[in-house]
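Engineer: Once you have looked at the hints, place chains B, C, D, E and F on chain A.
6 protein chains.
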Amino acid sequence: MKIAAFGEVMLRLTPPEFLLLEQTHSLRLDYTGTGVNIMGNLAHFGLDSYLVTTLPDNRIGDAAKANLRQLGIHDTFIQQNHQHMGTYFAEMGYGMRPTQVTYQNRHSSSFGQSDETGYDFSQLLETVDMVHICGISLSLTDETRRAAQALAKQAHQQGVKVCFDFNFRPSLNTEENKLQLMKEQYQQILPCCDLVFGSLRDLTDLLGLTVKEALPKEEQEKELIQRFMRMFELEWFAGTKRKQVGAVKELTGILYTQNQVVESMPKTITILDRIGTGDAYAAGLLLGYCEAWPLSETVEFATVNAAVSHTIQGDVPLTTREQIQQIMNDPTIDLIR
Amino acid sequence: MKIAAFGEVMLRLTPPEFLLLEQTHSLRLDYTGTGVNIMGNLAHFGLDSYLVTTLPDNRIGDAAKANLRQLGIHDTFIQQNHQHMGTYFAEMGYGMRPTQVTYQNRHSSSFGQSDETGYDFSQLLETVDMVHICGISLSLTDETRRAAQALAKQAHQQGVKVCFDFNFRPSLNTEENKLQLMKEQYQQILPCCDLVFGSLRDLTDLLGLTVKEALPKEEQEKELIQRFMRMFELEWFAGTKRKQVGAVKELTGILYTQNQVVESMPKTITILDRIGTGDAYAAGLLLGYCEAWPLSETVEFATVNAAVSHTIQGDVPLTTREQIQQIMNDPTIDLIR
Amino acid sequence: MKIAAFGEVMLRLTPPEFLLLEQTHSLRLDYTGTGVNIMGNLAHFGLDSYLVTTLPDNRIGDAAKANLRQLGIHDTFIQQNHQHMGTYFAEMGYGMRPTQVTYQNRHSSSFGQSDETGYDFSQLLETVDMVHICGISLSLTDETRRAAQALAKQAHQQGVKVCFDFNFRPSLNTEENKLQLMKEQYQQILPCCDLVFGSLRDLTDLLGLTVKEALPKEEQEKELIQRFMRMFELEWFAGTKRKQVGAVKELTGILYTQNQVVESMPKTITILDRIGTGDAYAAGLLLGYCEAWPLSETVEFATVNAAVSHTIQGDVPLTTREQIQQIMNDPTIDLIR
Amino acid sequence: MKIAAFGEVMLRLTPPEFLLLEQTHSLRLDYTGTGVNIMGNLAHFGLDSYLVTTLPDNRIGDAAKANLRQLGIHDTFIQQNHQHMGTYFAEMGYGMRPTQVTYQNRHSSSFGQSDETGYDFSQLLETVDMVHICGISLSLTDETRRAAQALAKQAHQQGVKVCFDFNFRPSLNTEENKLQLMKEQYQQILPCCDLVFGSLRDLTDLLGLTVKEALPKEEQEKELIQRFMRMFELEWFAGTKRKQVGAVKELTGILYTQNQVVESMPKTITILDRIGTGDAYAAGLLLGYCEAWPLSETVEFATVNAAVSHTIQGDVPLTTREQIQQIMNDPTIDLIR
Amino acid sequence: MKIAAFGEVMLRLTPPEFLLLEQTHSLRLDYTGTGVNIMGNLAHFGLDSYLVTTLPDNRIGDAAKANLRQLGIHDTFIQQNHQHMGTYFAEMGYGMRPTQVTYQNRHSSSFGQSDETGYDFSQLLETVDMVHICGISLSLTDETRRAAQALAKQAHQQGVKVCFDFNFRPSLNTEENKLQLMKEQYQQILPCCDLVFGSLRDLTDLLGLTVKEALPKEEQEKELIQRFMRMFELEWFAGTKRKQVGAVKELTGILYTQNQVVESMPKTITILDRIGTGDAYAAGLLLGYCEAWPLSETVEFATVNAAVSHTIQGDVPLTTREQIQQIMNDPTIDLIR
Amino acid sequence: MKIAAFGEVMLRLTPPEFLLLEQTHSLRLDYTGTGVNIMGNLAHFGLDSYLVTTLPDNRIGDAAKANLRQLGIHDTFIQQNHQHMGTYFAEMGYGMRPTQVTYQNRHSSSFGQSDETGYDFSQLLETVDMVHICGISLSLTDETRRAAQALAKQAHQQGVKVCFDFNFRPSLNTEENKLQLMKEQYQQILPCCDLVFGSLRDLTDLLGLTVKEALPKEEQEKELIQRFMRMFELEWFAGTKRKQVGAVKELTGILYTQNQVVESMPKTITILDRIGTGDAYAAGLLLGYCEAWPLSETVEFATVNAAVSHTIQGDVPLTTREQIQQIMNDPTIDLIR
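Chains as they are written, first to last, in this note's numbering: chain A, 1 to 337; chain B, 1001 to 1337; chain C, 2001 to 2337; chain D, 3001 to 3337; chain E, 4001 to 4337; chain F, 5001 to 5337.
Bound-form chain A, shown alone:
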């Protein structure tokens, strides 16, 4: 199965050794983004993966493209135009000190300035079996909104599966009336989707759905999510839950079909790099979907994949199938020769 993601590539600039920005003149440079993370991980799992994006038509764009190829992502559907990449700084947290992300301007990025007219979606949809679209494209600019909606619609019409990630960030949507625009955008894209990543809060706060308070507490979430799934004829709805007991952090993966809920065993996590771990969960699920694994095996694999991705520097989960299965088999091994 071949899969493509439509989304932005960003520069991530990270001070080394948990230093703060004001403490260093040295930064680690990575090329990231939800699409990069998921496609990079799927490529490491052995799938043919593509990124559909616009990079700057200059040396930093060239370098970004080279790095995507290095991750194993095909560069066939990457165009280069304009001069700007979105950037963010990541001051890595430690213990009780959270990781602090500072975004630079994203609206004027090459990706943000590119609408559907530049991309060859027809060619793309002849090549792949699934496209992944990140909700951030709906928040970013008119151009990216148009491009994302066009791609979702065209894919859905041609029978190419659409996987959509809510990825709704209030911080990207603080302008007046933006929330209403976002609601409309999400309502427009959802009928084209097959698989959706999100949370209960996305459904209530963004889409305005409400839980049935009459139901027993423990069934409310399930009922609402499956109601939502039926509303848009979704195959899968998935997400993770985080819990902290003392200093111990736990991660649990959940997957809904219209009539099932599958939940992983909770995994204790140790954090080296917190960013991109949700994308690792998505990549794990998509692998199971593409290869039609049993649901519980899929969720378990995806959750371990997400847990392990906390221990890898950078956004991109560079895990392999063998590595995750080995950890699932014996999670106490700490040295492999």
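Take the hints with a grain of salt, since some may be wrong.
As the list claims (entries may be wrong) - To give an idea of the chain D side of the interface with chain F (calculated C-beta under 7 Å), a few residues:
#	residue
1	A3066
2	T3257
3	R3337
Said to hold, decoys possible - Here are the simulated distance ranges between beta carbons:
#	chain 1	residue 1	chain 2	residue 2	range
4	D	N3173	A	Q79	31 to 37 Å
5	A	E297	D	T3268	32 to 38 Å
6	D	R3201	A	Q244	54 to 60 Å
7	C	N2329	F	E5176	25 to 31 Å
8	A	Q79	B	T1268	48 to 54 Å
9	A	Q325	D	E3297	40 to 46 Å
10	B	D1075	C	Q2326	21 to 27 Å
No lab work stands behind these hints: they were computed from the structure.
Keep in mind the model is a prediction, meaning the values are calculated, not measured.
Glycine residues also receive a C-beta, built at the ideal position from the N, C-alpha and C atoms.
Structural biologist: Positioned in the frame of chain A, the structure of chains B, C, D, E and F alone reads:
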């Protein structure tokens, strides 16, 4: 409120990535010291902070001064003279391996060779509302002893608050008869002080005070400390306690007034860099003092500040008000975008 | 004499050890810009220097501000607003391979989005004796154009000297009709100026002046420049010339008054970092101007300062007075203890 | 007491900051191997230690030799010949992600190509009181097998103690019939040995011994090991046990004599670098043996030494006697000044 | 035009900042080899380029493959087998101190152990229009000799152009009778070749051809080379000449057809990294060949490309067409914005 | 022949990549000193070399000792006492910008505080055939003066050759009456010396000798030096001369016997690291002396050695015999495989 600290600036040389000195040709260079740490932190909290010190009159002194400005500390009262900065090496600990500090010669430093005649204390005391003096000045050289005593006395006379940190280190006072000299020095400075940082052991071992054994065990410490406070008419006496349960380390902050004892909730700590965490507690308390916060809020803030400072590289606690309050509000958040 | 510069602060991201962007995940981070460079150098010469700019109101803006203070620049007139800093990548050249600069979006930077209404020019002009304005502000956005023109006009009215740097870059002015707009902007600001940095080509290509072909070849440039100076009642007009003989590169500094031309001895240059060397020449001249040195001494100092700045990493010329004078006295010394 | 180890020196190449091989162009270079690790640790404990090995006769061999001297190991018995050093890559694990070791070719290394004819064992055995031989020499090549057997035999004949480490790795012995060859090799060397490091599994899987099922479960291991010890007239047989409870890892050291079993208290371990920790246990035991400490003190020291070695970068346990004793006295101290 | 190279990928390990091996624990890791260098450069020129090689079937092989993709090389014909990559250390020279290369074992590398049976030459030769074969394959092992000869023969038969690089290194051929074997190998492959890179010395010392002493001195080389070209029906024979006058080094490119000699202008070179510069010359020539440029333009471009490649870290010439043409147009430009 | 040097070991702290102190938080750490440099180089030439010094009795002293062993220097006569090492910062020059050395306090170093009573000179002088004493010991402290004089005297009495390096630095001798003290110290030690490194200026400015003006200009230096040599019965007096023509720097070595003057060919030098190059000249000469080479060969070798040492990072000339001879044979080679 404006505040100044009188104290030494030292070079800290740290091997990267938890390496030992013998394992590396690469060192991280920082400019530290109790005064630097507290003033740097208060500057990050938004206070006007000054350092009163002597740096070498050469390129390393220039670089040190530039770095103090970078921390937000005003360089108005920094003089440059002589050619030497005190230096220490910090081999960073990990897990059960403690951080190992190795000091180089401090007596012949520019600060150590400078007495009260070079500083313009009058101008200083017209500028600031409080001065912080670190007890290490009393241990170091005759010159620094004279300078510290003169500053404390003059400040007290002019109604500028004096905050004093015992910071008594046996390792700096191993010469014969040094202990007696130290006792006299501390007894001389204390009548000029308003706020004091220290521990029970400072009062018993250095000053020779004794607990009233007749009292119930749990009241002995309180009685002794408040007796000591009345003796020298102190407003505040403060310190922290550390406890280890299994591999879990906890930190608790305590603050005494002459008739109250306020204690923080214990905080679980994760250690990236152990050095300077006491100074973070002091800076937190001083912020509350300067802004007349309720005592319990002050101690809680200061203790979280100290706990977070364990997770920041270097001695200087580069925390902000917003960051500490955010962690106090939700200590489980591990990613902020 | 106190001096301020109005201009943008940019992030400079440089791969280490002459590597190309595609070869590295490590970047050196510096905070630069014409104003930063000149003010930083003047602060190293002992002058009180200020930067008038807008930095992002976030952690990277905070870090930038801290770094400006470290350079010795007063941060009194720096405001923080919006969320973006202009960025450029510098792939350092070596031998025949030129340094390659790649700019990211500058229009949407915090500086680019800020017009005159946010700055307190009145307070500023009461504080300083001279303001430096970089022509890039005229190219950037409507907001920066308005701010620069307002500052120049107000300074001129209050008798504060205005130093203006043409710094006209065709690459920043490629839009249609932009050249005409630029010409008008330059013509509007020049009557407020006292000292101007530029080249013959700026006068001919941008302002449309023409040389008198009737004159002997060697007098044409001088006549045109001094005609231009009389037109706008300028005190000084200055620039540098570069010449390459075989692999040997030479730099010569030139300074015009309305009736004199002073030229330095040509200096052989070795390049470690080519960027910011024009600003070093400007800083040297301004030092001589502020301290009323003889013209020939001023030009000689400024040219050596520019030559030495080629051997210092980063844009900012971190030279000192003593260092430049020592090299002027004995340029063959290669080790100072 | 003087001690020598016979064994290979390998290049260890480690990406910095827990990065994966594909994420970095930067590697840390170390010179390691069981013999290096144990001799380096013993030298740090103050013993005269020697390595008997063959390094390449080129610049990397020279660099390796220099680094062994730096560790405190005498280079008297190191010869240089051929052109190749064995190499391995260590991708450092974090949390649940195990450290991943990738070996390059070891058979064609200078050590692997050298048999007993090049070494001056006679001179060696006049110099030292004990030789340590690592079982990997028996797995590697015909040349190293011959050299190891010759050394063990000659040492035993001359009354020099022989310490042997099973270090049997199935991954080095995957060829057909290799297991039988290995069994013969081990059976040939064991009669020459006095101290042996190994595990129950070595005795059952490699040597084919079987537990007496009739015995109570908890006595089976002890009986088998002491039976084995009597079989080969061994003084000591020693090893460690690892246990994981939740995320907490524990290490326990065990030492058998022919009629005693001594076990340490279990130590909680935190892992910075997992490799070489078994060698730290061996070095601790050998120190106790050489200085005839009580058995329980020896095992306790060795186990703490092994636990601390998990917190030191690189294979070589660079611990000192004072450091280990200090941690044994107060394991909660996290800062030493 | 599509082009493939058959050859080894090696690990290059380089100390940073011109340090020697014994001075550092830090190494830069690159993936190089004649084929990598030429294909990487051609990919940067915009050609579809492939590498035909065998990488280890482990994590270092995976990382190597990822890095080849990053360079723009297609990985379609790369197989993974065995466990070893050839390695070399490069201690970078400076001024009069030459760069020192130390090779590790190459014979047992995955490439060295792979003969023609593993590769799919048929598929390859249907895909590309030219194959490049490096003479080192003839020196290395029986397996690589067989593979190289088979590929050359099959390509020649199918009308795919064969480009061959003598690359004869005495240091790889020191065994007895090796020279005779080499002569036979070269004689066997040459009839299949169209383009050859080499030097006069290759023809005389390896193949045993002799100059016609009767000819004028200045015609002897030309006559011999063109005689050799006729002997094997070659289209092109090419190489470079180096000359040093004082401290100034010059490079000149030369290209022979059967009836022409084209020579570039001599280029002054500055050395940052000396390795791989011959491959840059080859890549430049091949670009001209593939696009049928005039000969003199081809040689000039190739020579500038080689000269610039001396200023780029690493073996791989990461030059672009635009960059080389820009330097050809104005070699004095040292800053491009 | 075995040789020892008596002298101080210093910490050298160097910013990377030609950065200035104020630009970096990263420093390279090296252990240097005249004795270290010469002994380290001689060890690389294959001589048995020893250092006689006092290092701090702490972890930085341990690390220093380990590094000396790494250089190949025997640590037999190194004692550890007190707590301080002298330190200097080296801001590396580039082109016309000179290297700037900033010394920290040296008087209170472990070496500076140690007199002759701690060293075992008798044992030392039984071991070695020559001792090298650096004049800095005469400038430093009373303790080092006494130690140096005692060693020189005792060596001379026992027939062990004494090699003395004037190394007179006005910057270390600025106190009042210090020059007179120095003159006496030098006059006291010279009768014990056999080989002396120095310059004409040392003889005139420090010792107060005067040239015979009556002689032809070109013979004055020779006459004075040989007169001085006869005065103290010296075998050799040697030094180097530096000349700069345009940007080209040249180095020439000179060696006097009582009746001969031998001068090397001038060598063009390229500077990577200027420090320690005089010591490289000394080491080259001493090698020739120890092995009784012809004088002209000795001077030529030593001068090339000094020239090459300019291209090696750090003070210690890590050259080998083979390397220098190869460069002498063909100075144009820039790549060795």
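Engineer: For each hint, tell me whether it holds in the structure or not.
Structural biologist: Hint-by-hint comparison with the structure:
{"no.": "1", "hint": "A3066", "result": "5 Å, holds"}
{"no.": "2", "hint": "T3257", "result": "35 Å, violated"}
{"no.": "3", "hint": "R3337", "result": "12 Å, violated"}
{"no.": "4", "hint": "N3173/D / Q79/A: 31 to 37 Å", "result": "53 Å, violated"}
{"no.": "5", "hint": "E297/A / T3268/D: 32 to 38 Å", "result": "34 Å, holds"}
{"no.": "6", "hint": "R3201/D / Q244/A: 54 to 60 Å", "result": "39 Å, violated"}
{"no.": "7", "hint": "N2329/C / E5176/F: 25 to 31 Å", "result": "27 Å, holds"}
{"no.": "8", "hint": "Q79/A / T1268/B: 48 to 54 Å", "result": "50 Å, holds"}
{"no.": "9", "hint": "Q325/A / E3297/D: 40 to 46 Å", "result": "44 Å, holds"}
{"no.": "10", "hint": "D1075/B / Q2326/C: 21 to 27 Å", "result": "25 Å, holds"}
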